[in-house]
Amino acid sequence: MKRYSALGLVRNALGYNRDWREAWRSPEPGKSYDAIIVGGGGHGLATAYYLARDHGIRNVAVLEKGWIGGGNTGRNTTIVRSNYLWTESSLLYEKSMKLWEGLSQDLNYNVMFSQRGVYNLGHSLQDMRDIERRVNANRLNGIDAEVVSAAELGKAIPHLNTSPDARYPILGASLQRRAGVARHDAVAWGFARAADSLGVDVIEQCEVTGIDVRGGKAVGVQTTRGPIASDRIGVVVAGHASVLAKMADLRLPIESHPLQAFVSEPIKPVLDTVVMSGAVHGYISQSDKGELVIGAGIDAYTGYGQRGSFHIIEHTMQAIIELFPVFSRVRMLRLWGGIVDVCPDACPIVSKTPVEGLYFNCGWGTGGFKSTPGSGWVFARTMAHDEPHELNAPFSLERFATGALIDEHGAAAVAH
Amino acid sequence: MNTAPRRWRTSAHGFNAMLLIECPWCGPRAETEFSYGGEAGIVRPPDPDALSDAEWADYLFNRANPRGAHRELWNHTHGCRRWFAVERDTVTNQIQRSYTLDGTAPEPGTGSGTASKLTAESDTTSRIGSGG
Ligand SMILES: Cc1cc2nc3c(=O)[nH]c(=O)nc-3n(C[C@H](O)[C@H](O)[C@H](O)COP(=O)(O)OP(=O)(O)OC[C@H]3O[C@@H](n4cnc5c(N)ncnc54)[C@H](O)[C@@H]3O)c2cc1C
Ligand SMILES: [Zn+2]
Numbered sequence: 010m011k012r013y014s015a016l017g018l019v020r021n022a023l024g025y026n027r028d029w030r031e032a033w034r035s036p037e038p039g040k041s042y043d044a045i046i047v048g049g050g051g052h053g054l055a056t057a058y059y060l061a062r063d064h065g066i067r068n069v070a071v072l073e074k075g076w077i078g079g080g081n082t083g084r085n086t087t088i089v090r091s092n093y094l095w096t097e098s099s100l101l102y103e104k105s106m107k108l109w110e111g112l113s114q115d116l117n118y119n120v121m122f123s124q125r126g127v128y129n130l131g132h133s134l135q136d137m138r139d140i141e142r143r144v145n146a147n148r149l150n151g152i153d154a155e156v157v158s159a160a161e162l163g164k165a166i167p168h169l170n171t172s173p174d175a176r177y178p179i180l181g182a183s184l185q186r187r188a189g190v191a192r193h194d195a196v197a198w199g200f201a202r203a204a205d206s207l208g209v210d211v212i213e214q215c216e217v218t219g220i221d222v223r224g225g226k227a228v229g230v231q232t233t234r235g236p237i238a239s240d241r242i243g244v245v246v247a248g249h250a251s252v253l254a255k256m257a258d259l260r261l262p263i264e265s266h267p268l269q270a271f272v273s274e275p276i277k278p279v280l281d282t283v284v285m286s287g288a289v290h291g292y293i294s295q296s297d298k299g300e301l302v303i304g305a306g307i308d309a310y311t312g313y314g315q316r317g318s319f320h321i322i323e324h325t326m327q328a329i330i331e332l333f334p335v336f337s338r339v340r341m342l343r344l345w346g347g348i349v350d351v352c353p354d355a356c357p358i359v360s361k362t363p364v365e366g367l368y369f370n371c372g373w374g375t376g377g378f379k380s381t382p383g384s385g386w387v388f389a390r391t392m393a394h395d396e397p398h399e400l401n402a403p404f405s406l407e408r409f410a411t412g413a414l415i416d417e418h419g420a421a422a423v424a425h
Numbered sequence: 045m046n047t048a049p050r051r052w053r054t055s056a057h058g059f060n061a062m063l064l065i066e067c068p069w070c071g072p073r074a075e076t077e078f079s080y081g082g083e084a085g086i087v088r089p090p091d092p093d094a095l096s097d098a099e100w101a102d103y104l105f106n107r108a109n110p111r112g113a114h115r116e117l118w119n120h121t122h123g124c125r126r127w128f129a130v131e132r133d134t135v136t137n138q139i140q141r142s143y144t145l146d147g148t149a150p151e152p153g154t155g156s157g158t159a160s161k162l163t164a165e166s167d168t169t170s171r172i173g174s175g176g
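Heads up: the sequence lines are chains X and B, in that order. Taking this note's numbering, the leading residue of the first sequence gets 10, the next gets one more, and so forth. Taking this note's numbering, the leading residue of the second sequence gets 45, the next gets one more, and so forth.
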C-alpha cells in the first residue's frame, strides 16, 4: 500500500492524478480462512483490521453482500460521543472515543473526525436532574462532561431558540466537548484500506446464505460465491443479525427497525456543533458541505426495507423547527433509511454464542457509528482469544438470561 | 440519475407514505391512529416457575424478527382501542391481511360484533371484510 501524504498529494497533482492506486484489492474469495467476518460495515472492517494488526490473524476475509459501508455505516448521521450513563457502556464508548482521537493517523486515512462538541438539551426540571446525574457519572468514569445553562447555550449557539416563551423551553444542556462527528464513508474506506494492506481480503457482492455448523462448532459459510471454510466466524451485520442467527439456529433479543435521516440543501456555515434533544426528539448538525444533517427516532414497526413512514419525518422537522425556527424555510434535499438492530436494553451484544467459533456483534441499534473502532477492537480480541475483553464482557448474550441488563434506554438521552 | 447497479437499488414504491392499516372493526386507517405491539402469537408461559432462566429469557426477549412475512400486533389507539393482528411483509411493507385475535370476524363498521366464528383454515381476509 502506498502511504497517503501531503507530498504524495502534490506529486499526484503534478502527474494529473493518473497514478492513484485502488485503495483496496478486490480478490476472489479463497477456499478457507483463519477468520471470516460477515458484514462489511464499519464494525466488520474494524474487526478485521484489529485482528490483523493486534492479534496477528491476517488470513481473514470480510464478506459483504453489497458494497462496503452501504449499510448503516454509510447511512448514519455520524454523531460520536461517549457520555452514556452506565459504567459498562460509558467505558466501552470511551475506549472507542480514544481510538477515534488517533484514527486518521492509525489508518493513514482522513476520517474527518471533528470534535465540535455535542449538546444534549434539557427541557424540564427532570431533564436537568438527569443531565446532572449523567454528567457526574461521566466524570466519575473519567469522561469529559459539563452542564451548561440556557444563557450559555444562547451564546454558544446563536440560532437556538432559548427563549423562555418557547413551546418547550430549553433549561440547559449537557456538553461533551470531545464529542463530534466524522465522515462515515471514510471510516469504512479507511478501515478497508488499512485491513487490506495487512493482508485481509475485503470481498464485496458476496452474500452469506448459510452458516455451517458441525457438532456444535462453526466450520464455514455458504455464500453466493460458493462455500468458504473457517472455524472462526464473526457476524457483524447490524439489522440482519436475526437473519444470520437463524442460519445457525439461534434466536436473538433483537428487533430490526427502520431509522430515517435526511439532509437539507447546502447552506452557509450556521451551526458549528451538534445539538440533540431527547424531549422534542430530534438532532442536528451541519456537514462540511453545508447540509443540515437531521435525524430522530426509529419507526415503531420492524422493517428491512431501508425506508420508513412519512409522519416520522414530519415529527422530526417539527422538533428541529421548535429548536431552530430559523431553519423553517430551508428545503430538504435527500432522505433515506437504515435497518437498525434494537436490543431491549439499547445496548449491544458483542459476544460468544452457544455455537463454538461463532461470534456475534450486533444490537448497536441507533447508536453504533460512534463505537465503530471500539467495537472492532473488542470484537477482534474476543474472536482471537475466544474470550471477551473486560470492556465487552458485560455485553454478552447471556445477560438476557442472567438479568444483568445494561439499561441505556432513556438513560443516555436520544439514542444516537 | 441513479447510477447504482440495478440489484442494489431500492424501489421508490411506497416511499414517503405511511402504512394503511385495516382495523378489523373500523376499516382502513392511517398508521398514525395505531400503536405497534410487536410479534403476534407469543403466549405467556402458564407456569413461569417451571422454566429455566434461558427459557424465560427466550419468552421475554428473543424475537423471530423475520425478513419477510411477519405477524404482528397493532392497537387502534386513536380509534376503537382494540388489539388485533396484521400480517405484513417487513421488506415491502405490503400488508396481506388483518385478523382479530380470538378468531371471530366482526361485523365490519359496527365496532361490535362477533358475526361468525372463524375456523382455523378459514382464518382469512375474505371473512373479515373490508370495513367502512
Ligand atoms: C439513519 C441512521 C442514523 C444513525 N445515526 C447515528 C449517529 O448519529 N451516531 C451513531 O453512533 N450511530 C448512528 N446510527 C447507527 C449506526 O449507523 C450503526 O450502529 C453502525 O453504523 C452499525 O455498523 P455496522 O458495521 O455494525 O453495520 P452496517 O454498516 O449496517 O454493516 C452491516 C453490513 O452487513 C451486510 N450484510 C447483511 N447481511 C449480510 C449477509 N447475509 N452476507 C454478507 N453481508 C451482509 C450489510 O450489507 C451491511 O453492509 C445511525 C443509523 C441510522 C440508520
Ligand atoms: Zn378500530
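Quick caveat, the hints were computed from the structure, so don't treat them as lab data. Treat each hint with caution, since some may be false.
Coverage of chain X stretches by chain B, computed from C-beta distances (three or more under 8 Å per stretch; other residues unrestricted) [what the hints assert, rightly or not]:
#1 242-254
#2 259-273
#3 305-313
#4 402-413
Here are the simulated distance ranges between beta carbons [claimed, not checked]:
#5 177/X / 61/B: 37 to 43 Å
#6 104/B / 224/X: 25 to 31 Å
#7 173/X / 104/B: 52 to 58 Å
Nothing here was measured: the structure is a model prediction, and the numbers come from that model. Cβ atoms here follow ideal geometry from the backbone N, Cα and C, with glycine treated the same way.
### Query
With a Cβ-Cβ cutoff of 8 Å, does the region 259-273 of chain X contain at least three residues near chain B?
holds (count 6)
### Task
Check the following: the C-beta atoms of residue 104/B and residue 224/X are separated by a distance inside 25 to 31 Å.
Check passed, 30 Å falls within 25 to 31 Å.
### Task
Confirm or reject the coverage of the region 242-254 of chain X by chain B under the rule of 3 or more residues with a beta carbon closer than 8 Å to the chain's beta carbons.
holds (count 3)
### Message
Is the coverage entry for the region 305-313 of chain X by chain B consistent with the three-residue Cβ rule at 8 Å?
### Response
Our answer is that it holds, as 5 residues pass the Cβ test (under 8 Å) against chain B, meeting three.
### Message
Given the hint of 37 to 43 Å, is the C-beta distance from residue 177/X to residue 61/B inside that range or not?
### Response
violated (29 Å)
### Message
Three residues or more, CB to CB closer than 8 Å: is that satisfied between the region 402-413 of chain X and chain B?
### Response
Check passed, 4 qualifying residues.
#### Entry: Assessment of proposed distance window 52 to 58 Å (beta carbons of residue 173/X, residue 104/B)
violated (44 Å)
When each numbered hint is compared with the structure, violations occur for hints 5, 7.
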